[in-house]
Amino acid sequence: MPQKNQAQRTFSRGHWILLILLLALTVPWYWPETARAPYVLGLPIWGFTSLVFSLLFAIAMAWAIMTTWKDDPRE
Amino acid sequence: MNILPLFVAYLCLLIPIAWLGKRRTRERSTHDFYLAGGKLGFVVLVFTLFATQYSGNTFMAFPGKAYRSGYWYLVSVPFMMAIIAGYMLFAIPLRRVARENRFVTPCDWIQHRYHYLPLTLTCAGLMTWALLNYLLAQLTAMGHAYGVVTGGHLIIPGLSSFQTGVLFLAAVVVLYESVGGMRAVAWTDAIQGVLMLSAIVGLLAYFGSSDVDLAGLPDRVAAIDPGKVNPPSVQKCFTWASVILILFFGGAMYPQGIQRIYAARSAATLKRSLALMVFLPLLLVFFALMMGVLAIPRFPNLSAIESDGVMTMMLSEIATRGAFFKVAVAVLLLGAMAAIMSTADSVLLSLSSIFVHDFYEKTRRTKPSDEHLLRLGKRLSWLVAIVVVTFALTPRFTLFRLLELKFELLMQVAPPFILGFYCRGLRGGGALAGVLIGTAIALTGFARHEKWWGIHPGTIGCLVNFAVCWLSVAIRAGDTTTKNDSDAVSSGGGA
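Same order as they appear, the protein sequences are chains W and Z.
Residue 23 in numbering that gives the first Met the number 0 sits at position 24 of the first sequence, and the numbers go up by one each step.
Residue 127 in numbering that gives the first Met the number 0 sits at position 128 of the second sequence, and the numbers go up by one each step.
Each hint can be trusted.
No farther apart than 20 Å at their CA atoms in a straight line, the calculated lysine to any residue pairs in the SDA-like style are these:
hint	chain 1	residue 1	chain 2	residue 2
1	W	K69	Z	R95
2	Z	K38	W	R73
3	Z	K227	W	P37
4	Z	K235	W	W28
Bear in mind the hints are in silico, worked out from the structure with no lab data behind them.
Using the sequences plus the hints, can you model the full thing?
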């Protein structure tokens, strides 16, 4: 059975909404099928945008981990 | 490219590592052997988590897939990050309960939560299948890389370079894994991590060289196949989202990854490691992806199986561009070889622990001694390696196909594993029904080689799996309410 003292289980709802939103924006669904140019860092613009949202996702994820996860004083 | 002396030096280094791992043993227990006694510090933990996620698949299969798919394979960057997000669904409470109950395998949690052996064994079976597939992929990658690393030397008479590589390196891996346990495995992970990271940082300079002309790369790729540069269609966007979900749920169920959550010295160590890990795909996966895309105009018209070797083709070419790149490629090749071996050893260690701890110990009426379990685990490592080597010697699929099959089955374990923390009403029977239905959907789709609306059958299976779990809770809640009502009526009638 689940432990009764599981006060802290995971991120808050706000964290998850932000993370899911950023992850959804890494999927290039919002570009027309012929949108290639301009090219940035050898990537078509839709690919570069996806990479930027991946970076933002990583930053949000690291921030959520470091601020949510409390150290266990017994360790 | 011949890096034989470096490679031999690396193999020699493995002997003292295995010996040191054995010497550092604090107690003769499975907890100490399979989890290093839960004492892995930040640096080693980062590298061992790194080695768990970035393996032969990353450096051999990913460029091949990017070669075949084009820029669409940028999906690999967010999907590798999604694994860490998946961990965060359960890592905090799991670590707490694992420390309190000295868990060794992921299925220790399933058994602890549900007390239902059929569910525990089914989950252990799915994890075993995924790990066997993963091990097979690593051994196949070892065989391909061996010829490149040794430059055609050190071949057993009568065997090909591929066969020699698979046999010889599998034997080396089992030897040091069974002697040094998790400590030896984690330390070799650290060495390969340092090699890989330093080589990739060095090789990023290649992308800036005039030979590459990064700015014109999309046009050169488009001249061969415009579909590899255009934004994905709606259906391919569904596939992209589906792949992210597969890794979010399936990647987070890597048994060896979960065991590293157990093995971390403290929560502080673990959270710092995961926060750092989430950035690595931007460097490593992006590098692998660009190597595959660069190969499209360089080596057009390769077959699917041939394209699994585009990384080695590209590295051979880069090595001719000067002394700096030659050294960086040599270090990367050595690091890639070490990565394949270190992933194989992690998988083998995890498999051994599941066989011994889940299939053997949990089905015995009397608890066997740790001494007995350890002896058995080491023998099983050899047996598993022998069986998988025989399969590896006859490769049939491309590496990525193996990877897909693994995750689509592994993600079926996620609903009972994760809901165990959040859904108090979920019982073993309902969870097992969900796992079986989800697995059946994944297997049916795989056998028919089809996706539905661009979504993998395993993803649909996992969503149905979640739905069945919730449905079982709802039905049970309804039954309890009805029973309480009828109890109230009958006790009222009695009065």
